[in-house]
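K.L.:
Below, each chain spelled out in residue letters.
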Amino acid sequence: MAYSDKVIDHYTNPRNVGTLDKSSNKVGTGLVGAPECGDVMRLQIEVDDNNVITDAKFKTFGCGSAIASSSLATEWLKGKSIEDAMTIDNMDIVEELALPPVKIHCSVLAEDAIKAAINDYRVKNGMAPIESEKTHH
Amino acid sequence: MNIPVYLDNNATTPMDPRVLEAMVPYFVQKFGNAASRNHAFGWVAEEAVDYAREQAAKIIGANEKEIIFTSGATESDNLAIKGVFEMYKEKGNHIITTVTEHKAVLDTCKHIEKLGARVTYLPVKEDGLVDLAVLEAAMTPETILVSIMYGNNEIGVIQPVKEIAAIAHKYGALFMTDATQAVGKIPVDVIADGIDLLAFSAHKMYGPKGVGVLYVRRKNPRVKVTAQMDGGGHERGMRSGTLNVPGIVGLGKACELARLEMADDAARLSKLRDKLESALTVLEESYVNGNVEHRLPHVANISFKYVEGEGLMMAMKDLAVSSGSACTSASLEPSYVLKSLGLSDDLAHSSIRFGLGRFTTEEEIDYAIEVTLKSVTHLRELSPLWEMFKEGIDLDSIEWAEH
Numbered sequence: 001m002a003y004s005d006k007v008i009d010h011y012t013n014p015r016n017v018g019t020l021d022k023s024s025n026k027v028g029t030g031l032v033g034a035p036e037c038g039d040v041m042r043l044q045i046e047v048d049d050n051n052v053i054t055d056a057k058f059k060t061f062g063c064g065s066a067i068a069s070s071s072l073a074t075e076w077l078k079g080k081s082i083e084d085a086m087t088i089d090n091m092d093i094v095e096e097l098a099l100p101p102v103k104i105h106c107s108v109l110a111e112d113a114i115k116a117a118i119n120d121y122r123v124k125n126g127m128a129p130i131e132s133e134k135t136h137h
Numbered sequence: 001m002n003i004p005v006y007l008d009n010n011a012t013t014p015m016d017p018r019v020l021e022a023m024v025p026y027f028v029q030k031f032g033n034a035a036s037r038n039h040a041f042g043w044v045a046e047e048a049v050d051y052a053r054e055q056a057a058k059i060i061g062a063n064e065k066e067i068i069f070t071s072g073a074t075e076s077d078n079l080a081i082k083g084v085f086e087m088y089k090e091k092g093n094h095i096i097t098t099v100t101e102h103k104a105v106l107d108t109c110k111h112i113e114k115l116g117a118r119v120t121y122l123p124v125k126e127d128g129l130v131d132l133a134v135l136e137a138a139m140t141p142e143t144i145l146v147s148i149m150y151g152n153n154e155i156g157v158i159q160p161v162k163e164i165a166a167i168a169h170k171y172g173a174l175f176m177t178d179a180t181q182a183v184g185k186i187p188v189d190v191i192a193d194g195i196d197l198l199a200f201s202a203h204k205m206y207g208p209k210g211v212g213v214l215y216v217r218r219k220n221p222r223v224k225v226t227a228q229m230d231g232g233g234h235e236r237g238m239r240s241g242t243l244n245v246p247g248i249v250g251l252g253k254a255c256e257l258a259r260l261e262m263a264d265d266a267a268r269l270s271k272l273r274d275k276l277e278s279a280l281t282v283l284e285e286s287y288v289n290g291n292v293e294h295r296l297p298h299v300a301n302i303s304f305k306y307v308e309g310e311g312l313m314m315a316m317k318d319l320a321v322s323s324g325s326a327c328t329s330a331s332l333e334p335s336y337v338l339k340s341l342g343l344s345d346d347l348a349h350s351s352i353r354f355g356l357g358r359f360t361t362e363e364e365i366d367y368a369i370e371v372t373l374k375s376v377t378h379l380r381e382l383s384p385l386w387e388m389f390k391e392g393i394d395l396d397s398i399e400w401a402e403h
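Protein sequence lines, in the order shown, are assigned to chains P and U. 1 is the number of the first residue of the first sequence in UniProt numbering; add one for each residue after it. 1 is the number of the first residue of the second sequence in UniProt numbering; add one for each residue after it.
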């Protein structure tokens with residue numbers, strides 16, 4: 001199966017690989033997927049007092065599309081408010097990376113990771129987690 | 001050195017130029033139908049087929065009358081299993097095979113189950129080998145066939161074929177083996193091994209695609225299979241259809257070359273394979289899959305824990321290898337062969353198969369080592385699981401959200 005140029009670009013030069021201090025109250029961490037399924041994404045955001053995401057980092061165990069999806073997600077998250085970040089839809093990732101149908105689950109995982117990171121941040125700071133209105137599973 | 005480097009010789013091999021050379025005259029110049037008995041065009045084709053049949057017989061220690069030409073190993077497996085079941089079902093309806101067989105055997109068995117066969121799928125031990133005691137315990141008076149592969153296509157382990165055959169015969173069953181990965185790579189002898197039916201194809205041994213062999217024993221016992229293709233009664237009535245003369249000539253030439261060069265090829269390739277394997281297992285948390293003593297000389301299957309196989313193959317895009325990861329398949333299930341060794345799903349997802357071949361050079365192996373080491377290290381830097389492992393977190397203690 002041939003990968004799109006954008007997948008190859010993100011895969012070859014992944015953006016924002018790394019680790020933020022998960023014990024910090026400013027940091028939200030989302031860990032989604034399972035080793036048994038061949039995909040695990042960890043996505044972290046750092047949020048400032050104005051509810052704006054100032055930094056985002058990821059590490060992913062998975063195929064090229066999974067790595068590219070999470071790399072793209074961190075790029076999109078930086079500079080966004082939490083509210084705007086919640087609106088990122090997996091289909092936006094599918095479209096941007098031209099993922100084939102068998103790889104749509106990679107984009108779903110990235111969306112799940114974003115939401116998990118945001119909710120981790122909210123819970124840490126005394127807010128209720130936001131329930132996602134759509135279920136993928 | 002040509003980039004990408006081809007290390008997927010268990011999927012298919014490049015054709016040896018000497019094989020192509022032997023085939024060329026049989027397309028345009030010597031185009032006759034081997035079944036045309038009344039003119040020179042037919043005689044020329046028949047003579048070429050006879051010579052190829054002799055070569056195909058020689059490489060497995062058979063008589064040329066026992067060679068049935070087919071379109072490949074999948075057809076040979078189908079003909080053997082369906083053909084034996086139809087021919088002997090009055091005697092019994094039980095067939096024994098293993099869970100690590102190729103799909104050509106497993107799916108054929110599934111098919112005949114619908115026609116009234118009872119099939120036992122034997123598990124294998126952790127090293128991929130069949131437990132002979134388990135096999136013997138599964139034998140019944142109704143068992144008509146034991147079908148167990150010679151060498152495994154994913155991990156390369158070689159089954160104790162001779163012992164398996166002896167058990168099958170002790171209970172009056174026939175023994176069939178899919179020897180696609182073994183013929184031409186290691187010595188195979190149907191007499192010494194006690195094989196009654198054997199399947200192989202040309203394209204795994206530097207011959208052309210679309211041609212294969214089913215060996216059907218003629219003496220002690222005389223084995224018969226019911227034809228699955230009806231027509232002109234070619235190949236002793238067991239496989240009708242005009243013979244693929246150029247393909248058969250190529251198969252014969254490939255068998256001849258393999259017979260003469262097998263020992264040298266095997267010695268050279270096992271040395272290169274061992275070099276590759278010892279260089280790669282220097283990496284922390286890397287594991288060789290399958291028995292390392294009883295295996296084909298040219299295969300190495302290695303799991304690099306905390307790295308996903310398909311992602312790894314993408315990083316190693318200049319190496320043509322294959323992975324037990326099934327990230328592309330709809331089921332997301334990793335290799336059933338690796339899983340039946342008792343490997344956890346994550347290790348199965350992390351496996352890479354390196355298949356060396358006659359044209360693999362030491363320079364290519366050195367390159368493969370360099371690329372693999374670099375790619376695994378790179379992907380581990382990207383892997384949250386690797387980071388957790390390094391921090392001493394037990395991954396089994398985490399509640400993963402299966403998706």
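I should point out that these hints are in silico values taken from the structure, not numbers from a laboratory. Since the structure is predicted, the reported quantities are computational estimates derived from the model, not experimental observations. Accuracy of the hints is not assured; some may be wrong.
Coverage of chain U stretches by chain P, computed from C-beta distances (three or more under 8 angstroms per stretch; other residues unrestricted) [claimed, not checked]: (1) 144-152; (2) 187-197; (3) 300-308; (4) 338-352.
Residues from chain P that face chain U, not an exhaustive set, calculated with beta carbons under 8 angstroms [stated by the list, open to error]: (5) Ala2; (6) Lys6; (7) Thr60; (8) Ile67; (9) Gly79.
The beta carbon of each residue, even a glycine, is placed where N, CA and C say it ideally should be.
K.L.:
Indicate, hint by hint, whether the structure satisfies it.
P.N.:
Right, here's what the structure says about each hint:
Look at the stretch 144-152 of chain U against chain P: 0 of its residues bring a Cβ nearer than 8 angstroms to a Cβ of that chain, fewer than three, so the hint is violated. Residues of the stretch 187-197 of chain U lying with their CB closer than 8 angstroms to a CB of chain P number 0, which falls below the three-residue condition for coverage. Only residues whose C-beta sits within less than 8 angstroms of a C-beta in chain P count toward coverage, and the stretch 300-308 of chain U has 3 of them, enough to reach three; the restraint holds. Only residues whose beta carbon comes within less than 8 angstroms of a beta carbon in chain P count, and the stretch 338-352 of chain U has 4; three or more means the coverage holds.
With a cut of 8 angstroms, the hint placing Ala2(P) at the interface with chain U is violated, because the nearest CB-to-CB distance is about 11 angstroms. For Lys6(P), the shortest C-beta to C-beta distance to chain U is roughly 14 angstroms, which exceeds 8 angstroms, and the interface hint is violated. Interface restraint check: Thr60(P) against chain U, minimum CB-CB distance 6 angstroms, threshold 8 angstroms, status holds. Against a cut-off of 8 angstroms between C-beta atoms, the interface hint on Ile67(P) holds, since the closest Cβ of chain U lies about 6 angstroms away.
About 23 angstroms separates the beta-carbon of Gly79(P) from the nearest beta-carbon of chain U, more than 8 angstroms, and the hint is not met.
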